[in-house]
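Given the structure of chain A, go ahead and fit chain B onto it with the hints provided.
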Amino acid sequence: MKKLVITIILFFSILQFGISLLNPFGPTIFPVAPILGEKVKGEVGISIELWKNLDEVISKVSSNYSKFVVLPITTAANIYSSGVDIKLVGVHEWKVFYLIANEDFKDLSSLKGKTVYSAHGRGQTVDVLLRYLLVQNGLKPDVDVKFAYAAPQEIVALFKSKKINYAALPEPFVSMCLDSGKIVLDFQQEWNKISNSSLGIPIAGLFVVGKITEFENVINDVEKTFKKSVDYANSHIDEALEITSKYLPIPSAILKKSLERTTFKYIPINECKNEVHNFLKTMHELYPEGIPQVPDEGFYLK
Amino acid sequence: MKFLYGLILFILIWWIFSIIIDSQLILPTPISVGRVFIDLVQTKTLWSSLLSTVLKGIIALAFTIILGFFFGFLMGIFDMLYELFRPAFTIFQSVPVISWLVLVIFVWGIGFKGPIVITVLSLLPNTTFAIAQGVKNTDKKLIEMAYVYNVPKKRIVKDIYIGSVIPFLFTALEVISGNIWKVIIVSEYLAGNEGIGVQIAWARQYVNVPKVYALTIFAILLGISSERLIKFIIKRKEFYYAS
Numbered sequence: 000m001k002k003l004v005i006t007i008i009l010f011f012s013i014l015q016f017g018i019s020l021l022n023p024f025g026p027t028i029f030p031v032a033p034i035l036g037e038k039v040k041g042e043v044g045i046s047i048e049l050w051k052n053l054d055e056v057i058s059k060v061s062s063n064y065s066k067f068v069v070l071p072i073t074t075a076a077n078i079y080s081s082g083v084d085i086k087l088v089g090v091h092e093w094k095v096f097y098l099i100a101n102e103d104f105k106d107l108s109s110l111k112g113k114t115v116y117s118a119h120g121r122g123q124t125v126d127v128l129l130r131y132l133l134v135q136n137g138l139k140p141d142v143d144v145k146f147a148y149a150a151p152q153e154i155v156a157l158f159k160s161k162k163i164n165y166a167a168l169p170e171p172f173v174s175m176c177l178d179s180g181k182i183v184l185d186f187q188q189e190w191n192k193i194s195n196s197s198l199g200i201p202i203a204g205l206f207v208v209g210k211i212t213e214f215e216n217v218i219n220d221v222e223k224t225f226k227k228s229v230d231y232a233n234s235h236i237d238e239a240l241e242i243t244s245k246y247l248p249i250p251s252a253i254l255k256k257s258l259e260r261t262t263f264k265y266i267p268i269n270e271c272k273n274e275v276h277n278f279l280k281t282m283h284e285l286y287p288e289g290i291p292q293v294p295d296e297g298f299y300l301k
Numbered sequence: 000m001k002f003l004y005g006l007i008l009f010i011l012i013w014w015i016f017s018i019i020i021d022s023q024l025i026l027p028t029p030i031s032v033g034r035v036f037i038d039l040v041q042t043k044t045l046w047s048s049l050l051s052t053v054l055k056g057i058i059a060l061a062f063t064i065i066l067g068f069f070f071g072f073l074m075g076i077f078d079m080l081y082e083l084f085r086p087a088f089t090i091f092q093s094v095p096v097i098s099w100l101v102l103v104i105f106v107w108g109i110g111f112k113g114p115i116v117i118t119v120l121s122l123l124p125n126t127t128f129a130i131a132q133g134v135k136n137t138d139k140k141l142i143e144m145a146y147v148y149n150v151p152k153k154r155i156v157k158d159i160y161i162g163s164v165i166p167f168l169f170t171a172l173e174v175i176s177g178n179i180w181k182v183i184i185v186s187e188y189l190a191g192n193e194g195i196g197v198q199i200a201w202a203r204q205y206v207n208v209p210k211v212y213a214l215t216i217f218a219i220l221l222g223i224s225s226e227r228l229i230k231f232i233i234k235r236k237e238f239y240y241a242s
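Chains as they are written, first to last, in numbering that gives the first Met the number 0: chain A, 0 to 301; chain B, 0 to 242.
So here's chain A without its partners, still in its complex pose (with noise of 0.2 angstroms):
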């Protein structure tokens, strides 16, 4: 009786205050700038907390307060590993990764004896990718062809500047890129043809964190919510950008331009269960280090 109440109070504080949504900062506030700029509301009043790096958003995560989070697939499979109770509710970014180039380039054997260069670190989605399209084609990655790894801004500046000729970039880095290169893979496809799949990438989704997988209600509510804005947002391309650009720094014509070549569509996880399970293994079997756990059934949300 006592949890009863306590369960009751609970749902209509939720009801009254909101509940927060983690999001990164970065181009990923394109989908949720309609519940930003109040175009859609649920039942639920959901508030937006923008991260803006991966220590931010785990100690939020980490601590126990009952919250919703958008993160990278990838990164949310290691949390749940470690002990999190971290669920995917639903995938809503599927296309962002491309090879760029300011040479010629026929094809992947042209990679031979050049160095590519890539965000972040060892492990990334595309790093792994691109390795096995190499051994794919007959390439040995680290021998044929050199890997380096930085930040993407710096990444930006030194292909602009010809000093580096490959990058595997997320956009909007590549279209920041592309007045002095052009693409010339696009990394959804590969995986596409690698995995039967027609979606792309799972990339990032929604995530629910903490005993709120008590709630049905509420998580279906801000589900329905999130998927609105999502749709919402591709369909008044320029309303969502006016409001992202007041939050992203980054000109809204080159996140115009990125928007066509990314992919922003939310699809509930009982849809596309079996996509994320299959790119964690695959990602798992490549690179164990990056992944060194396929999560559980646990990991998605019933």
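Don't read these hints as lab results, they were simulated from the structure. Treat the hints with caution; some may be incorrect.
[To be verified] Partial list, derived from the structure: chain A residues whose beta carbon lies under 10 angstroms from chain B:
(1) 73
(2) 121
(3) 122
(4) 157
From the three backbone atoms N, C-alpha and C, an ideal C-beta is built for every residue, glycine too.
Quick look at chain B alone, frame taken from chain A:
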């Protein structure tokens, strides 16, 4: 022995905090870090990373001392040069690395050289100023006397100038030895392709927090051992100069 008690106290405090915080992602317990540490010791990657970091440290230290001596002496002897170089060194001292990271990567690339350049540039100003100060502090009367007695120039430099610079250099060295690994590891993190800093960067990316802490232990060990080594050398040298 006292050091050991201090260490135990530190680990105990760590333990208590990790129990209070109760999250592997924020502060793992000493046991889980210890386990990862033992696993790490058995990997080849760890030792090649450690070697790379130590090598960078030694090269950076050598460059810092050679350049520090060169500029320090010039700036100590000629007041004009002191005023001329001072702004540049002051600027290098206070500009955060990230502001000119692109420039460093542009010129020296991502890999072995970049981190060394960053490290030298961040340690050099202090060293140079310390040596310049030492030269300025040289007893002028002693030099005058040496000239009067026709002491060869070589000996003036060796016995009088160097002699008065040495204590300043030692102080600079002590400061460097406490800082060098921190700077090297951060610069590896930013512009390296191997080393402890790169390993930490990647472990962070995989949200492998216990590994980040375990790698940090190696950084601490490097710091402590180099500080001890330098103190040991200083003691022997001081003895030599005193006698």
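Structure-based check of each hint:
1. Hint status for residue 73(A) relative to chain B: holds, with the closest Cβ pair at about 8 angstroms, below 10 angstroms.
2. Interface restraint check: residue 121(A) against chain B, minimum CB-CB distance 5 angstroms, threshold 10 angstroms, status holds.
3. For residue 122(A), the interface hint holds, since its Cβ comes within 10 angstroms of a Cβ in chain B; the closest pair sits about 6 angstroms apart.
4. Here the hint on residue 157(A) is kept, as its CB sits about 6 angstroms from the closest CB of chain B, short of 10 angstroms.
No hint from the list above goes unmet by this structure.
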